[in-house]
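Chain by chain, the residues:
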Amino acid sequence: MTILEAGRSLRAGSATAVELSTAALARIERLDPSLRAFITLTADRALADARRTDAELAAGLDRGPLQGIPVAVKDLFAIAGVPNTAGSLVYRDRVAAGDCAVVERLVEAGAVMLGTLNMHELAYGITSANPHFGAVRNPWDPDRSPGGSSGGSGAAVAAGLVFAAMGSDTGGSIRIPASFCGTVGLKPTYGRVSRYGVLPLAHTLDHMGPLARTVRDAAVVLNAIAGFDARDPASSRRPAEDFIPAEGCGIRGLRIGLAESFFFERIEAGVESAVRGAMARAEALGARLLPVRVPDPAAINAVGQIILLSEAAAVLEPYRQRRELFGEDVLALLDQGSLVPATDYIQAQRIRRSMQRSFAKAWSEVDCLITPATAITAPRIGQATVTIGGSEEPVRPAATRMSRPFNVLGLPALSIPCGLDSSGLPIGLQIAGPPFEEARLLRVGAALEDSGIGLSAVSGQLSATPEQGDC
Amino acid sequence: MTDWKALAHAAGLAGDAQALERITQPLETIEAVFRPLTENLPPELEPACTFDPEEDAE
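Taken in order, these protein sequences are the chains called A and B. Heads up, this note's numbering is the position in the first sequence plus 86, with the first residue counted as 1. Heads up, this note's numbering is the position in the second sequence plus 1019, with the first residue counted as 1.
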């Protein structure tokens, strides 16, 4: 069931918000001990929210499609009175004094808040094998990583524990778990969604966005959370719009860019086949596929890594000497960041500006780009390297190199499922576009989804692990 | 190229060889791509410290 379908059931009186939340909580009780998707479950609050929603709807107060819908947020997002640990010991005693901007807007839209979700420690990694709260498991195969850093968000949506979840994305941390878990994940334009009240990793790279089961569900959440917030100095004053693609939306005449170099190099064969198949479907729907040259994404990634290492080291510098607080991988990254000279950080930010200008030229030739969301499907938990085309590389760059450029450039990027590999694991494709063109990306995603690209035809396979339920 | 091992030693980060490699090897990989990008930057190019994704193309 999707958010829009659940909303129709609530308004038709064939379901209540209390029933939706009760079903979600029962499912969490049954599945989460093995998935480890949640850090803090706010069951009492959820049921109270749900009862209030039922009363509001009975009284004719309609807050829109999120009203009464069970959701959860990554443990980076502040919910008043709830632990806000960022999956770390650094913030283990932190209890949020107030809601972050995103939670404020979700509450205003009537969403039912089920709690906070597990993640890679401090959002600084892509496995979600959290040393303090347990390794999140992928619902498609419990021996596999859900990706990260928003791994609990991906697992919770994929397993049907919630209808939608919030994640953060600094180098791919929404799109990677979306790809590995077979969900939709949207990283909006930098400035589109307020960062206020979300614990930072890297101030100029952090983006907030939804993971959901369908493109339209992701758009429903974006409708609720987008918009100017004076408390976030990077927040854009550009007005929010209705992001939900119309039923039967088309992409005839749309120019889809195909950046062959880099984005289709060193990727798993199953990933390439599925993404090219989706592109052929887009062409069959009337879109035009056009080759396009973009600035070297490998160079953009190097710039992004210098910025990330420096900014994250600065954020966590007060704690770095307390080395027992950190997992080994995060500590190594913080140590690396502490060695990067200020001149390199400034040079990276200067090159970033230059690349941003160069990349913008591509948007006069094409309306969006389609690439793989990740070069690989979900690796095994604890797997350190992957072999692609006979060449071995660490899992982290293999997972992030398709997604990181769009953090550096601040551009919107949407990951949608586009099939399964030979091991039955989800494959994600990425649609990226010009600044603040989320509606266009969602329209492309919805058109592909409507045409049968995605996992709807095979979602029954989830019954081998946590089956799809009422939520 | 930067001698990251020397920097790590100077910063007191040097543990055993494996720990040192864990810190310095990724920096060497990044620098191999990053350093050439820093050559010939025009002096008037401003950093994107106040980052605006909507800045117009040149």
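In case anyone wonders, no lab produced these hints; they're calculated from the structure. Backbone N, C-alpha and C define an ideal beta-carbon position, used for all residues, glycine too. Treat the hints with caution; some may be incorrect.
EDC-like cross-link-like pairs, simulated, lysine to aspartate or glutamate; straight-line CA separation at most 20 Å [unchecked claim]: (1) A/Lys447 - A/Glu346; (2) A/Lys447 - B/Glu1047; (3) A/Lys447 - A/Glu327; (4) B/Lys1024 - B/Glu1058; (5) A/Lys447 - B/Glu1073; (6) B/Lys1024 - B/Glu1047; (7) B/Lys1024 - A/Asp415; (8) A/Lys447 - A/Asp382; (9) B/Lys1024 - B/Asp1035; (10) B/Lys1024 - A/Asp382; (11) B/Lys1024 - B/Glu1040.
Now the stretches of chain B that chain A is said to cover, found in silico as 3 or more residues with beta-carbon under 8 Å [claimed, not checked]: (12) 1020–1032; (13) 1057–1064.
Here is how each hint holds up against the structure:
At roughly 17 Å between alpha-carbon atoms, A/Lys447 and A/Glu346 fall within 20 Å of each other, so this suggested pair holds. Pair hint A/Lys447 plus B/Glu1047 does not hold up; C-alpha atoms about 31 Å apart against a cutoff of 20 Å. Of the supplied pair hints, the one linking A/Lys447 and A/Glu327 is violated, its CA atoms being roughly 25 Å apart against a limit of 20 Å. Straight-line distance between C-alpha atoms of B/Lys1024 and B/Glu1058 comes to about 23 Å, which puts the hinted pair past the 20 Å bound.
The suggested pairing of A/Lys447 with B/Glu1073 holds, with an alpha-carbon distance near 12 Å, which does not exceed 20 Å. Simply put, B/Lys1024 and B/Glu1047 have alpha-carbon atoms about 10 Å apart, close enough for the 20 Å limit, and the pair holds. Our distance criterion of 20 Å between C-alpha atoms is met by B/Lys1024 and A/Asp415, whose separation comes to about 18 Å. The suggested pairing of A/Lys447 with A/Asp382 holds, with an alpha-carbon distance near 14 Å, which does not exceed 20 Å.
This hinted pair checks out: B/Lys1024 and B/Asp1035 have alpha carbons roughly 12 Å apart, not beyond 20 Å. Proposed proximity of B/Lys1024 and A/Asp382 is contradicted: the alpha carbons are some 29 Å apart, above 20 Å. Simply put, B/Lys1024 and B/Glu1040 have alpha-carbon atoms about 8 Å apart, close enough for the 20 Å limit, and the pair holds. A stretch counts as covered by a chain when three or more of its residues have a beta carbon under 8 Å from one of that chain; for the segment 1020–1032 of chain B and chain A the count is 5, and the coverage holds.
Residue count for the segment 1057–1064 of chain B with a Cβ under 8 Å from a Cβ of chain A: 3. That meets the three needed, and the coverage hint holds.
Checked against the numbered hints listed earlier, the structure breaks hints 2, 3, 4, 10; every other hint is satisfied.
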